[in-house]
Every structure is written in structure tokens, then in C-alpha cells.
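Asker: Starting from the given sequences, assemble the full structure and let the hints guide the process.
Number of protein chains: 2
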Amino acid sequence: MEAAGLVARADSVNNVFGRQPGGSAPWLLVGSHTDTVLAGGRLDGAFGVMAALEACRALSDAGHPAAPKVEVVSFHDEEGAAGGGGLSGSRALLRDPHVDELGGYLEIHIEQGPVLESEGRELGVVEGIVGIRRLNVRMEGEANHAGTTPYAARRDAGAAAAKLAWQVRDILHGVDPTMVGNAGVIGFEPGSPNVVPGGATLVVEVRSLSEQSVERACEAVHAAAKAAADDFRCRAMVEPGLVIEPVHMDPRFIETLVSVCERNGRPWRMMSSGAGHDAGALAARLPAGMLFVPSRGGISHSPLEHTDDRLLVQGAQALLNAIVEMTDPLVFDPTRN
Amino acid sequence: MEAAGLVARADSVNNVFGRQPGGSAPWLLVGSHTDTVLAGGRLDGAFGVMAALEACRALSDAGHPAAPKVEVVSFHDEEGAAGGGGLSGSRALLRDPHVDELGGYLEIHIEQGPVLESEGRELGVVEGIVGIRRLNVRMEGEANHAGTTPYAARRDAGAAAAKLAWQVRDILHGVDPTMVGNAGVIGFEPGSPNVVPGGATLVVEVRSLSEQSVERACEAVHAAAKAAADDFRCRAMVEPGLVIEPVHMDPRFIETLVSVCERNGRPWRMMSSGAGHDAGALAARLPAGMLFVPSRGGISHSPLEHTDDRLLVQGAQALLNAIVEMTDPLVFDPTRN
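Chains as they are written, first to last, in the working numbering: chain G, 38 to 374; chain F, 38 to 374.
For the record, the hints were derived by calculation from the structure and aren't laboratory data.
Where hints are given, some of them may not hold.
[As the list claims (entries may be wrong)] Estimated spans, in silico, between C-beta atoms of each pair:
1. G/Met274 with F/Ile281: 31 to 41 Å
2. F/Arg270 with G/Gly120: 30 to 40 Å
3. F/Ala260 with G/Asp207: 20 to 30 Å
4. G/Pro277 with F/Arg270: 25 to 35 Å
Cβ coordinates follow ideal geometry from the N, Cα and C atoms, glycine included.
Answerer: Here's what the structure looks like:
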């Protein structure tokens, strides 16, 4: 940051901020995070910090009036690998007086999914970050000898849990074809090849930007769990687990990002983010906006994470254009803060 | 055994034998095992040893000519809790010269399943002990972020394995409605609520007295594994695991036990044993026969294991009657040995 002519500081949780000397609040905060997961790649989220820094340097070099209105940030521990549970830097900023000196937050990030690449699109404007609901499903049946117990006498909790795990895709498709979910964890008890499972556990996760879709999906999973349990003479218990509400990006920021993408002339789309981001945490206090660039093969959190330089540069250019528009008083209205 | 007037000895692996003094080979071996599982019940298989001992004592007390033709046995470590892998006592006898002094093996045991009780039957004549085949199924897909990866782009190994686990009951029912199987062990990798499983493992077990049913079931599980994998764009690998061939009881022993049950006058049935027994091991060298008494609630390997005294006594009486018939030279033909 100092090499780019910015004055840099770290706050108490090690978020690093930098801005051109001589500006005054409110600043448009632009950035992402530089931490990553264990055995991660080089782009999530360092690309967003580098793009912000590069945009800021370009504005400074050009003596552009937007330059002193921008603050670059590298958030601490977005991924949680440092033990803070994830998003700990951006959440700490929500409780820091500095948040009152900010007029909004803008972030560019790799998509971490295959949508943009598979559709041949080069930029994504994020409408919002999906809500997540986890359901901890437990099936209770009766453990029995797998050789001596006829099917008619069984209460096979494993088969009931397996039926539900298999059905998650179709259940969600029936509720909202744009939403996603997962059955990523399953276990049978006692877990022996020759014992009919007496108990089974399964974690079902559902995600959507639509709170209504999340609600309806949870109801449908409940009903399917009960039907699967009935099919195998078991009892289904469905307990709510993790709840993360959907977060919507600021409509004026979205509008600005859309006009930037339109003028850019390359294929782009509106989309929701299926993963969490610092922009999601900050949206609780600040108008926030987000851009995506494609991820090759949809791969992220891996050393194979890659986006072609051309697309990274184009993304940084779009970020720069958005900064210029947003720091125009007509778009970026400090009185809103 | 000595209190019952028998001469007792233990062999090198701690099988305990007892017989009336003065008899000569060949003997009809009658018994079961006195070891049990950890936290097991009092009947599997001690009931079979006690019934044999009681039958032998009754014959001795009556001065019956069958008495010196019987040897009572308590086999060592049938369950494997002592670390021998199960059936280690009866398998050791197969390699012991003493086996050549035996004309056959007769065993009474609790059913360990609910069939006799649920049908109101009081005795079971075992036709044979089912064969077991285990298939180790592995589904290979691709681990992906469960929020950013649309369903169309997924290769969900967990869903494929779950579909197969759910289908086992119907697959086997389609092959042979009398056979049973199990999916008792399953695991998803990496096993995280927010990661689409890239790998999954499942153990499928099938059991039948019919070798043909076992074969056809394994083929059907193979085909279903492949179809489930295709459904989720995964690859299925099915490796053979444990193989235990079906064992048939001796036809003449079966015939004798049937006539004993018929004369007994109470409801009985022919049946296969879904669990392994010493009689199954010994059938490799000796003509063998087995009787079952009901297990309350089908429960076994549990302190709740129970059979009413009336049924235990009736079973021991049937065993005695069978011993008398089998030691008649017309049925129990030493030249066969």
C-alpha cells in the first residue's frame, strides 16, 4: 500500500487499510481479504485486494478526484483458517467506530463456481449472498442382526436416511430450480456391515437468495424426512442447525455495477453468490456491492484456482469504473450514511 | 459335565468334551458354545450346551443304549470375542484327529431372529446356514463448493451412494423375496455440510441359503450401483469383500429332526439360519443338524435375550428325541464316516 502512495494502518484485529493522504470521510471502502484456506489458491480473495489497490493507484496516478475518496482494505481471516470462525475481520469492522466514516463497500472476487465460465460470461454483478439453513436429521429405528431379521421386521434407520440424502436434489428442484443444497455428512449406527442400522444422522443444507425458497425447502425436507422414516418404520427428528439469512446488495450499487458492465461491452450476468463474503457481513451496516470474475472450471479453495489474466484485468478495470461512478455524489450519497 | 457323570476333557484350543465312560467311537457330538459376545445374553449359545448335557444326563439316568454313543461339547470362541475371528473352536476340531471318531453333530440354538415367535411356532428345523457376500462399493465424483456449484455441474458421490443404500431392500426383493441383505456402513468424503461429496463408500451385504440367489443379488447390486453412479455423473467401483458359502445341513439329520417335530405336535417350521453357527463349520466334515427355539422379540446378543422356560425345555426334549433316533444304526450310520 505504501509503495502505491497510500497511508496504511492495521486495526486491532489486523484488518489493513490504506488511503491517499489528504482525503476526508466518508470514504468508499474497496477490497477483499488476503488470507486463504489451507492449501488454497492465489485468487480468493487476494485478487480483490490487489484489484482495489491497482484501481486506487491508477486514480492517484491520474490525479482523479475519486482517488482521495477511496480506502483500500485487506480484511483479516475471512476464511476462518486463523480460527476466528470466518468473516472475523469484516465483522470486527461493524463494531469499530471507523465504520461510521465509510459510505459503502465495494468488492471484486472470483466466482468460485462454474456459472460464468460455462455461460461464456466475463463479469457477474452480485444481487446478494444466499441464505443458508442446515437441518440436522436423525432417523431412529432399531439395530438388528442383518442375517436373522426379515425385512418385514426391520426398522432400518440407515435406509431411511439414505433415501432422504438421495432425494435432496429433487426436493429442492421442486421448490425452486435456482436454489442449491447438499447432503454432505451421513453416518449409520452402529456402523457394522452385519447390523441393520438402528440410528442414522444426516446434515441437509439448503441455500437461496430467496428467504421464501429457503423456508419452503426446509418444509419440504421435513416432509420428505418423515415420509422416508415411515417407509422404513423409523422416526425422523429434524433439528435446525446453522442459520445464515440471505443478504441483498445495495440497489444503487447494483445499478451502477450493471451500467459499468453494460458499457464494458462483454457478456455479463446478474447472479447470487452461493458463498459468503466480507461484502455480506458489511451489508448489515453499509451499502455494499460486488463483482465476480469467472473461475476456471469453477474450482476454488485449491491450488488449481485460476482466472485468465485478461479477465482479472478486465475485472479490475470494471472495479475502477464503478469506483469513479460511485464516488460521484449523485451515486454515492454521504447523507445516506 | 463331571457332575452329570461324564468324563470331561479340554482339547488344545479349549473346546470342552464330555461323555459317559465305557462307550466307543463313533460318537454323536451334541452341543454348542458357552462363550458369548460382550454385553450378550445368557442363551446364545450356552442353552445348546446345557440342553445337550441335560439330554445326555437323562439318557444316562435312564440307562438308555444311546447314552454311551453321545459326546457333549462346549466349543471355544464361537463369537470371536476371544479374538479368534469366530468359530475358532469348531474350526480347530476339523483339523483334530478326534473328528474322525465322530459320526455327526447336532446342535440346538436360539433363533436370534423374530420368525418363529411372529408365526407362533415353537421349533425350527434348520435346512442350512445362509451364505454371505459383501460388496465394497466406492462412488467417485468431484468435491465441490455446495453453495457455488449448480446441480448441473455436480458429480455428487454421496447422493449416488445414498441412492444405492436406499435401494438394497428392493433390489434383493426383486431377486428373491426370501433373502436378506444390509447396507450397514456408509461414509461421504470429505464429510462436510458445505462440500458436495467427491467420494463415498458403502458396504452392501447379501445373504441367502441359495448360492444362485446370492450370485444374482450381487449382479443386481452391481447394476444398481452403476445406474446410481450414472444418475449423479459418478463412477462406481464394486469390489468383492467377505465371502462365506452357504452350508446345507445333512438331509438324513433334517429328516429325523422333522419327524421329531411332527411327533412333538406343536407348531414348527423348516428355516434357514441367517447367522453363522458351529454346525455350519462342522458341516464341512460331518453330517450336521440343527434345531432352533424362538427368541423373544427376535433379540439376541443383548442382555434382553430371552426364551420362555417352557420352550427351552421343549427344545431340549426334542434334542433328546433326535439323539435317540440318530443313534439308532438305521439313521446314524457309522460306515458313512
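Asker: Hint by hint, say whether it matches the structure.
Answerer: Each hint, compared with the structure:
1. The hinted window of 31 to 41 Å between G/Met274 and F/Ile281 holds, with their beta carbons roughly 36 Å apart.
2. A hinted range of 30 to 40 Å holds for the C-beta pair F/Arg270 and G/Gly120, which are about 36 Å apart.
3. Under the hint 20 to 30 Å, the C-beta atoms of F/Ala260 and G/Asp207, about 22 Å apart, fit the expected range.
4. Judged by the Cβ atoms, the range 25 to 35 Å given for G/Pro277 and F/Arg270 holds: they are separated by roughly 31 Å.
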